[in-house]
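Engineer: According to the numbering used here, the stretch in the sequence shown is residues 3 to 291, in order.
In short, the hints are calculated from the structure, not lab data.
A few of these clues could be false.
Claimed, not checked - Distance condition first, Cα-Cα at most 16 Å in a straight line; then the derived EDC-like pairs of lysine to aspartate or glutamate:
#	residue 1	residue 2
1	K77	E126
2	K66	D104
3	K290	E4
4	K255	E41
5	K233	E20
6	K72	D125
7	K22	E289
8	K279	E4
9	K290	D258
This structure is a prediction, so every number in the text was calculated from the model and none was measured.
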Amino acid sequence: MEKWQKIENFLDKINLKEIKNQIYFLYGYEEGYEQVPSENNGYLPFYDHLDMVIQESLLPSDSKLKPNTKRKTTKYITIHNTGMAHPSATAKGLAEYIQTTDRVASWHFSLDDKETYQHLGLDEVGWHAGDGSHTWEETYFNKVYNKECIGGGNLNSIGIESCVYQGVDFNMVMRRLAKLTAMLLITYHLTSKDVKQHYDFSGKNCPQVIREAKRWEEFLYLVDLELFAQKELQDVVFHWQSLTPEIMDNQGKIIDHPGPATKISYQVEVEYNHTKKSYSFTSLLLEKK
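Use the sequences and the hints to build the structure in full.
Structural biologist: The structure is reproduced here in structure tokens:
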């Protein structure tokens, strides 16, 4: 009964009573892609219990893009947006870029709505989050930015670049980013309080898309969902089915917003310990902005 109570509490957290939507922007440095209009039609974070496939694109040991030193401690997971909005700036494109560029920067993972690539060993120091000579307790960056920023991102954290190219399903980027982040938090015995923005270390406006769209708390909510499921529900299987398939698919994605506020419904079959239970839910998809 205790396990089924955990399952039902988890399902309640996924069942957002209101599904929000918004107009926002993707940001890139490329000419013509500095500010790309995008829209978020909304979603429900139906949990996917499958492990994330991570493809290797490791920098060579003599690469000048990294310090080639081991990290002494892992205190944080640092979240970035790529700042590359051209349609070619996919995770695969970024994996190819880091292998050919002379720009001195390195990070551990590149992730988009479909794929994930790894560029550094988990125990390696990367150059991705500001001056690694400063630690969390110090306030060096206050002198520069007059803000409560932190240091030590390079020496103390794993960096993830999340793609923001034109045409990306950024809701799915957020969901996949949360899954990878939770996996790393579990590996290093950390919590969602240890998930940091690039901004926290240097004052740089990154992850810019998440920050400007005011979606950071939403992202941490997704991380907490993943953390709970990966820790507590490893032996549970979920089968999701939209009961309004013309509006929402079986992954929880709003595929065709009708415009006015609309009720949607779905059911989930849960398998645990040779027992199956079925649950039904409804949510209100808010009027399209």
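Engineer: Against this structure, judge whether each hint is valid.
Structural biologist: We went through each hint and held it up to the structure:
1. Our distance criterion of 16 Å between C-alpha atoms is met by K77 and E126, whose separation comes to about 13 Å.
2. With a CA separation close to 8 Å, the supplied pair K66 and D104 stays within the 16 Å bound.
3. At most 16 Å may separate the alpha-carbon atoms for a hinted pair to count; K290 and E4 exceed this at roughly 39 Å.
4. This hinted pair checks out: K255 and E41 have alpha carbons roughly 13 Å apart, not beyond 16 Å.
5. For the hint linking K233 to E20, the alpha-carbon distance of about 27 Å lies beyond 16 Å, and the restraint is violated.
6. Among the hinted pairs, K72 with D125 is consistent with the structure: their alpha-carbon atoms are about 6 Å apart, no more than 16 Å.
7. About 8 Å separates the Cα atoms of K22 and E289, which keeps this hinted pair within 16 Å; it holds.
8. For the given pair, K279 sits about 15 Å from E4 by alpha-carbon distance, which is consistent with the 16 Å threshold.
9. Between K290 and D258 the alpha-carbon distance is near 11 Å, which keeps this suggested pair within the 16 Å criterion.
Checked against the numbered hints above, the structure violates hints 3, 5; every other hint is satisfied.
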